[in-house]
Each structure stands twice: as structure tokens, then as C-alpha cells.
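**Q** Using the sequences provided together with the hints, build the complete structure.
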Amino acid sequence: MIKIEVNMELCQHYGQCVFEAPNLFKLDDDDKLEYHAEADDSERDNVESAVDVCPMQAIRIVE
Amino acid sequence: MSNQPSTSARCRPFESSSSAVPDAVPVTIAPVIIVGASLGALRTAEALRRAGYAGPLTVIGEEPHAPYNRPPLSKEVLSTGVSHSAVAFPARAATADVEWMLSARVVSADLEARTVTADDGRKHPWRALVIATGLRSRRLDLPLIAGRHTVRTLDDAMALRDELVPGASVVMVGAGFIGCEVAATARKLGCEVTIVAPGAEPLIRPLGALVGAELRRRHEQHGVSFALGRTVAAILGEVAFEGLQLDTGEVIAGDVLVEAIGSVCNTDWLDGTSLDLTDGVLADSALRAVSTDGTAHDDIYVVGDIARFPNRMFDDVARRIEHWNIPTDTGKRVGAVLGAWLADDGSFAELVTREFTPMPAFWSNQFEVGVQAYGLPALTDGDIRILQGELSGAVAVGYYRADRLVGVVGLGLKAELLPYRQQITALASGKLT
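Protein sequences appear in the order of chains A and B.
Residue numbers for the first sequence follow the numbering used here, beginning at 1 and rising by one.
Residue numbers for the second sequence follow the numbering used here, beginning at 1001 and rising by one.
Everything labelled a hint here was simulated from the structure, so no lab data went into it.
Quick reminder that beta carbons are idealized off the backbone N, C-alpha and C, glycines included.
One or more of the hints may lead you astray.
[Stated by the list, open to error] Residues from chain A that keep clear of chain B, each with C-beta distances beyond 10 angstroms, as calculated:
| hint | residue |
| --- | --- |
| 1 | Met1 |
| 2 | His13 |
| 3 | Val62 |
[Said to hold, decoys possible] Derived EDC-like pairs: lysine to aspartate or glutamate, alpha-carbon spacing no greater than 16 angstroms straight-line:
| hint | chain 1 | residue 1 | chain 2 | residue 2 |
| --- | --- | --- | --- | --- |
| 4 | B | Lys1075 | B | Asp1155 |
| 5 | A | Lys26 | B | Glu1416 |
| 6 | B | Lys1123 | B | Glu1112 |
| 7 | B | Lys1188 | B | Glu1112 |
| 8 | A | Lys26 | A | Glu5 |
| 9 | B | Lys1188 | B | Glu1163 |
| 10 | B | Lys1188 | B | Glu1416 |
| 11 | A | Lys32 | B | Glu1416 |
| 12 | B | Lys1075 | A | Glu9 |
**A** So this is what it looks like as C-alpha cells:
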């Protein structure tokens, strides 16, 4: 299990994470980010990619 | 205090207490050298380790700072004054043993002898070379006086921040993304702002006149002035900046001059080599550097916005793409391809031929307007359509070439752009124009 943390003060809801880890991140009807704070280990590569592509660098994996 | 390398740090591992080279690696093996120490270098190093390369890896870069995120430089860094630690990319365990030589500029390369030479005269042999030196700001060819600024590096932004005080009069030369973003930030900080640019509208080259005019209208609503269709004739002031004289004779007085007139590729250190340096460094779709005779080098790669490479999502034309996602996409690609070449496990030939079609993506915040785009709007043949919404509100604008969507730009829209992004992606799998 991995823990995901998004700094919602930094997040600008660009939604780039959605492409990298679609099971965990999505933009709601108001274009606001929704995400799962916990994910299966099998998602680690996807979450790391989501961390990489966030323009605001707002996502981190809590180790 | 930052715990990462700072000013004048040389030859220090990037946030690591271990030695630079693991004990298991014989010191006689030349390292992979990445020249340039920004985001592209970091992603390349990470991807090389992910691909299984455990040998020596050295990054040599001119800036004193470890890799940091540049988008906040024109916004948050100017408005709230964050430090390097706030914009630095987190270091990962996998790259803890990478040697980071910061504040060190590579001045030349010898591709036959496989060395690069740094500005202290030292020669560094390499087994493979990654070119990641990126761009620098283009400057007006005018006398250097106090009060002239640009925004490319963290140090640039820090220096400008100190001058953006309420009531200061800022003259911005250039109406591209950096120019418009810095203008908006300066206005929000209480400065008077005038944008001078040769185009008929701001952002006309990347986004076209339709969207450019709308963004101008929104800037004007916030009190930004424009002098468009004008060029700079002279700079006024002998010790410090006092104003600009335009080609029309008109004078724009000001306290602070910001130059955002595009960028220049940092290829000087490769002059005299066989590489094709026509615009950046030419690379094939595996991002191998290509010589003027067409030879692609298995041991030399190019990453980031200095790489001119073909993206078959659009066509076979090699282009440089100055978007934020490109250092990450190209760095990962080079890590995989070069990692396979270094491993010599037979996977290299297949990897080289694998399609590489990164989706260009960019974002911009100017006042309350969030601009978001996918694809290459500038490739349009002039066929620009409003896809949904209204220009004066939230809108998605499509850019077509030969009746195919090649780019989409949203003002105030995000999730709604995703189906259009999908249409552009479909270009890659469909037949090429």
C-alpha cells in the first residue's frame, strides 16, 4: 500500500496526473482534482509518473 | 536553509552523504556525462537508474542550484518570494550516487576522444554523453545598465522580485508566455505595466490572433498597457534604466525593464563538432544526436528544449518544443534507450525503433485566466475554430491543419479539453498528413 498526498494549496487542477494514474486521480465536474489517498503497490510506477508530470510539483508519495 | 547544493557547490553529490561512485564500479570506467543540470538532466539520470544502469553518472551544470521547477519563477517566486528549497525537485534514492558538478560550465566537447572540457580547464572523459544544456534568455542588443532583467533562472527571478514594488513602472519587452505572465504578476503586485512587442497581438505566434486578442483584452481590463507592432530603438538612462525609445519615436518611461524576447540554444560548447546545430541539436526519434552527414550517434543523446526531434504524432519534421513536459518526456526516453545501449542486452535495436510521440502540453496563468493547451497550435494552416464555449468566457479553441486537429487551447476549461486531447493523440496512430 502506498500513501499519496496532494498539497491542495499548490494544486492548480491542471489534471496531468489524471493521464498517468487514471485509477487514482480525476477532475470533477468543476475541474477540481479528486484523488485516492491510498493505492495498491501495483500503482507505484503510475503514481511516480504523476508526481513527475505535476507542473506545480504538488503530489508526493508518503514513504 | 536548503540541504541541497547551493552557490559555489562543486562536485557534491545531490542530497547525498554517500561517495560519488559505488565501490563495486571500477574507477577506470568512464561515466555517463550529462551536460546541463536542470529538469531534463534529473529525469534522464532517474530513468538511466530505472533502466538498470548502475555505473558512474556525472551531471555538469552552469547554474549553482540543483534542479528546480521553473514555472513558478514568473508567478509565485515573484509574488511571494519562495526560495530554492521551495521549488527544488525532490531527490530520489535511486539517484543518490549521481555526481553533481554545479557552477561548472562545459566549454567544449571532443566527440572522437570522448571528452568534455569544463571552464576550469579540466577534461572529463565519458562513455556516453547526454546534451541537456537547454536555452538561455535572448537579450536586446543594448547597453548593460542597472534595472535590466530577464526571467529564466531562479537568480533572475529573485533579482526581479526585489524591484517589483507597488508603484514601480515596469516596461516588458515581449508578449509571449513569460512576458504575459510576468506582466500579470507585476500588475497584481501594484506595478504599472506596459508590454512592448512587434506582433499585432500578444501570444500571436503560439496561439494565433483570435486567442491573443482575447488575452490582451483581459490584460487591459486589469490595467496593463500595450504598445504592439513596435520594436525597441534605444534604451534610455546611463546608469540605471529610465525608459525605452520605440521605432516610432515614442518614449515609454519606466523604472524596470524586463526582456522576455525568447531564447537562444546553449550549443556554443558543441561548435566545431560534427553535430547538426541548425536549431538546437538535431536528434532522431530515439533522441540520438545526429551529425550533419545524417549519422545518428548511439553514445550521444539530446534531452529537453534544446532537442530538435521528429514527433510522428504530427509529421516527420524535427522540431524543438519549449514546453515544460518535454524535459521529462525526453529524459525518460533517453534513460530507456541509452540504458539499453549501456546494458548491451539486445533490447537496444527494438527500443530505438519504438515510436516516440510525446504530447506537447502547456499551461499559463494570467490574472484569473487559466490557459491550458495540448498539441502544437502553431502548426495550424489558419483554420482555427471555437469548439465550445464563448471567447469572452470559458472557451475551447481548436487549431486544425488539413482538417485535422493539431492543437487545442482552453481558457478557463480543463476536463473539457480531454476529449480534444484524445483526438490529437489519435493522429499518432492514424495516417500521417
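**Q** What are the numbers of the hints that this structure violates, sorted from low to high?
**A** 2, 7, 10
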